[in-house]
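Participant: So the chains spell out like this:
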Amino acid sequence: MFVRIEKGSAVSITRQMADQIRALCLAGSLKPGDQLPSVRQLARELAVNQNTVLRVYKRLEAEGWLDVRHGDGAYVTPRPPIWQLDGQRRQFAEELQQLVRRGLMLGIGADELRELLDQTLEASLPATSQEQSQ
Amino acid sequence: MTQPMIVLNSVNKRFGDHEVLNGLSLEVQTGQTFAFLGRNGAGKTTTIRMLLGLLKPDGGSIRVLGLDPAKHEIEVRKRVGYLAEDQQMFGWMKVEEIVRFMAPFYPSWDHELANRYARQFELPLPTKIKHLSKGQAVRLGLLLALAHRPELVVLDDPALGLDPIMRKEFNRDLITHLQGEGRTVFYSSHLLYEVEPVADTIAIIDRGMLVKQAPTEALRDQVKRIVLPRAAYHEFGSALNALDVRTLGDEVVVAVNNAPAALRALATSGCPHRVVELNLDEIFEAYVAGQPSHGGAEPEAAGVGTAE
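Protein chains in written order, with this note's numbering: chain X, 3 to 136; chain V, 148 to 455.
If you are wondering where the hints come from, they were derived from the structure by calculation, not from laboratory data.
Be aware that a few hints might be false.
[As the list claims (entries may be wrong)] In silico DSSO-like cross-links for lysine-lysine, where the CA-CA straight-line distance does not exceed 30 Å:
id, chain 1, residue 1, chain 2, residue 2
1, V, Lys225, V, Lys277
2, X, Lys9, V, Lys281
3, X, Lys60, X, Lys33
4, V, Lys225, V, Lys281
5, V, Lys315, X, Lys9
6, V, Lys241, V, Lys225
7, X, Lys9, X, Lys33
8, X, Lys60, V, Lys359
9, X, Lys60, V, Lys315
10, V, Lys225, X, Lys9
11, V, Lys218, V, Lys277
[As the list claims (entries may be wrong)] Ranges between beta-carbon positions, derived for each pair:
id, chain 1, residue 1, chain 2, residue 2, range
12, X, Arg103, V, Ala361, 28 to 38 Å
13, V, Leu214, X, Pro80, 46 to 56 Å
14, V, Asp428, X, Gln93, 20 to 30 Å
15, V, Glu328, X, Gly89, 30 to 40 Å
16, V, Glu424, X, Ser31, 44 to 54 Å
17, V, Glu424, X, Ala112, 28 to 38 Å
18, V, Leu214, X, Gly89, 48 to 58 Å
19, V, Gly417, X, Lys33, 12 to 22 Å
20, V, Pro251, X, Asp21, 49 to 59 Å
Every value quoted in this text rests on a predicted model; they were computed, and no experiment measured them.
For each residue, glycine too, the CB sits at the ideal point set by N, CA and C.
Using the sequences plus the hints, can you model the full thing?
Facilitator: Okay, structure coming up:
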């Protein structure tokens, strides 16, 4: 499990870790039933307080992503709470709004913005478009 | 509830005209890793020297392990592990010699543990101390501070002079050998981002006073910047409990100490505002902002070399 911590960031360490573990679950890098490193191991690897790692595991357990078994470790639950994506989707929409506003402020017109979005989509979806064409 | 490991109550200390500690109060709970932050000259080393009974306070009271270190200096030093800032050890001694030299000072010295640390820290026993790298010297200091199995470990800016890789290694040692064994750690530093990953509680001192103490996690939620129109600031500003205020054109940027309360106050009054999250340097700056550096010869800086 690869998690990285950015020191001195405006995002707290617990949030950085929780966000990345959720993302790994969503991306399928962590699959239901997979065991996570022990609190001790991960704390040592990231050079982070054990209580912080424990707090992250407990939070993800409360959200339904992990199953923390006492003395045994943490496992990805059989059915991770994909519904939790709602919050992240909302955040994405807000970020997109801000980005569009910034573009408008820079004098990029609506048509040009649409074109940029199309280009970005095209560049980001090569796998699916190839599959469709085959 | 067990008694706190360290209690400082309105501690004052002055060197000549210079008031180094000005009513400093704080408590460190047993088993915690407590980060003690301040700029150079804020009073960190002076405080640490008082915890170990090397200096007496002019006023107020200090308890370490329930004892007054000024009266029970020997007892306190036996039970506390101390890693001094920029330790000046006997450079001509070999690593194995200093380990043998230090052991008799501590009744609870554990030879086996000292050997184990020497192996884990990869310390070359036959090497003279003056030939150790900076990282090895800090690890040797840590070995000497830990081999008597202290209940409390006091680290005075241990990461000073270590490169980023050695700092991470040092934090790993701290997590495995101190936190992993339930010891209380009092860790002084001037870098908030350096202590955030390891600390349970963060205390910030400035000009000899405690300006903030909070669980590490809570610090970020409590300290934020709020941007509001200048007119609105004149109306509602007094309710915000501002740490630092800057005017930029028509807007005022306010760093607040209790963001949830400030945001509630603004929401109820319907005042337009934006919230800016702060990184750790900015949080630290918010507390010590606008404080001119003390400059000149500082008793704290001047006294460091004589700490041992």
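Participant: Take the C-alpha atoms of Lys225 (chain V) and Lys9 (chain X), compute the straight-line distance between them, and say whether it is at most 30 Å.
Facilitator: violated, 36 Å
Participant: Holds or violated: Lys60 (chain X) and Lys33 (chain X), Cα atoms, limit 30 Å.
Facilitator: holds, 18 Å
Participant: Can you confirm whether the C-alpha distance between Lys225 (chain V) and Lys281 (chain V) stays at or below 30 Å?
Facilitator: Cα-Cα ~26 Å, so holds.
Participant: Taken at face value, is the distance from the CA of Lys315 (chain V) to the CA of Lys60 (chain X) at most 30 Å?
Facilitator: Distance ~25 Å between Lys60 (chain X) and Lys315 (chain V) Cα, so the pair holds.
Participant: Using the beta carbons of Glu424 (chain V) and Ala112 (chain X), state whether their distance is inside 28 to 38 Å or not.
Facilitator: Distance hint for Glu424 (chain V), Ala112 (chain X) holds at roughly 31 Å.
Participant: Take a quick look at whether Lys315 (chain V) and Lys9 (chain X) sit within 30 Å of each other, Cα to Cα.
Facilitator: This hinted pair holds, its Cα atoms lying about 11 Å apart.
Participant: Just to be sure I understand the hint, the distance between the Cβ atoms of Leu214 (chain V) and Gly89 (chain X) should be within 48 to 58 Å; is that true here?
Facilitator: For Leu214 (chain V) and Gly89 (chain X) the Cβ distance comes to about 51 Å; the hint holds.
Participant: Taking 30 Å as the top limit, are the C-alpha atoms of Lys9 (chain X) and Lys33 (chain X) close enough?
Facilitator: Holds, at about 28 Å.
Participant: Does Lys359 (chain V) lie within 30 Å of Lys60 (chain X) when you go C-alpha to C-alpha?
Facilitator: Distance ~27 Å between Lys60 (chain X) and Lys359 (chain V) Cα, so the pair holds.
Participant: Given the range 46 to 56 Å, decide if the beta-carbon distance of Leu214 (chain V) to Pro80 (chain X) lies inside it.
Facilitator: holds, 54 Å
Participant: Taking 28 to 38 Å as the stated bounds, is the beta-carbon spacing between Arg103 (chain X) and Ala361 (chain V) within them?
Facilitator: holds, 35 Å
Participant: Do the beta carbons of Gly417 (chain V) and Lys33 (chain X) sit within 12 to 22 Å of each other?
Facilitator: At roughly 48 Å between Cβ atoms, Lys33 (chain X) and Gly417 (chain V) fall outside 12 to 22 Å, so the hint is violated.
Consistency with the previously given hints fails for numbers 10, 11, 16, 19, ordered from lowest to highest.
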